[in-house]
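Listed in order, the protein sequences are those of chains A and B.
In terms of our numbering, the first sequence opens at residue 1 and continues consecutively.
In terms of our numbering, the second sequence opens at residue 1001 and continues consecutively.
Any given hint might turn out to be false.
Unchecked claim - Some chain B residues judged to face chain A by a derived CB distance under 7 Å, without partners named:
id	residue
1	Cys1004
2	Ile1006
3	Arg1018
4	Val1019
5	Ser1026
6	Asp1033
7	Gly1041
8	Thr1047
9	Met1056
10	Ile1058
11	Thr1070
12	Ala1072
13	Leu1077
Hints in this document: simulated from the structure, not taken from any laboratory.
Think of the CB as a built atom: it goes at the ideal place given N, C-alpha and C, for glycine as much as any other residue.
Here is what each chain is made of, one letter per residue.
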Amino acid sequence: MTESIGLILIFGGLLFDFSGCLGLIRLPDVYNRLQSSTKCVTLGTCLILLGTIFYTGLNAIGIKAILCIWFILMTSPTAAHAISRASHRAGYKLWGGSVCDQYLEDRQADQKKKVPELSVKE
Amino acid sequence: MTGCIIVLIICCFMCLYRVAFGPTPSDRIVANDILGIIVVGFCAIYTVISEKDLYMNIALAWALLSFVGTIALAKFLEGRTYDD
Chain A
1 MTESIGLILI FGGLLFDFSG CLGLIRLPDV YNRLQSSTKC VTLGTCLILL GTIFYTGLNA
61 IGIKAILCIW FILMTSPTAA HAISRASHRA GYKLWGGSVC DQYLEDRQAD QKKKVPELSV
121 KE
Chain B
1001 MTGCIIVLII CCFMCLYRVA FGPTPSDRIV ANDILGIIVV GFCAIYTVIS EKDLYMNIAL
1061 AWALLSFVGT IALAKFLEGR TYDD
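One chain only, chain A, in its complex shape (with noise of 0.2 Å):
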């Protein structure tokens, strides 16, 4: 019964992961598609892992399992984040067809208010 639950829970988990590479191809921008493959991709390995505790029992795989899920839940939206922002201040454009771009809102905000930012240099 419980290899069951874990072989669905592992196809589930395929399925986040093709859709998520698949956005890596298709979608036109920077921003979307870190958008799409890093939630996807994020979610599918997950259940990967999640199936892998459901399959095996938990045993010294089933607890490694669970620490590598903490993990990447914990890291993957810290990465993401970074290199979302490290492009965006770096200057690379969005797409054409983007709606708003409220950081870039917030940026000009707080140079209009003279707020000082971090700098490598004085």
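Knowing the structure of chain A, use the given hints to seat chain B on it.
Relative to chain A, chain B alone:
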């Protein structure tokens, strides 16, 4: 279970396509991050197939190293505007 491995290999080649032909460096960094997370799922499925403890250790270490590499590449990309 061999079909699962084949689907994940197809996903890896999609990421490698974006690494090779990505128009900007940000696309390459995103694809590198996604490739690291997919390899973790690959190791999990291979653990189910072989029922050995070893491959889950590899998955844990790979998740750690992929995160550190992505953060380093993102900081490198952000620091470009200051120096040039």
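Evaluated hints:
1. Cys1004: Hint on Cys1004 (chain B): holds, closest Cβ of chain A at ~6 Å, below 7 Å.
2. Ile1006: With a closest approach of 10 Å, the Ile1006 (chain B) hint is violated.
3. Arg1018: OK, holds: Arg1018 (chain B) within 7 Å of chain A, min 5 Å.
4. Val1019: Because about 10 Å separates Val1019 (chain B) from the closest Cβ in chain A, which is outside the 7 Å limit, the hint is violated.
5. Ser1026: 4 Å, holds
6. Asp1033: Since the shortest Cβ distance to chain A is 6 Å, the answer is holds.
7. Gly1041: Hint on Gly1041 (chain B): holds, closest Cβ of chain A at ~4 Å, below 7 Å.
8. Thr1047: At 6 Å from the nearest chain A Cβ, Thr1047 (chain B) passes the 7 Å test, so the hint holds.
9. Met1056: Check passed: Cβ of Met1056 (chain B) comes within 4 Å of chain A, closer than 7 Å.
10. Ile1058: Violated, about 10 Å.
11. Thr1070: 4 Å, holds
12. Ala1072: 10 Å, violated
13. Leu1077: Cβ of Leu1077 (chain B) sits 4 Å from chain A, so the hint holds.
In this structure, the hints that do not hold are numbers 2, 4, 10 and 12, in rising order.
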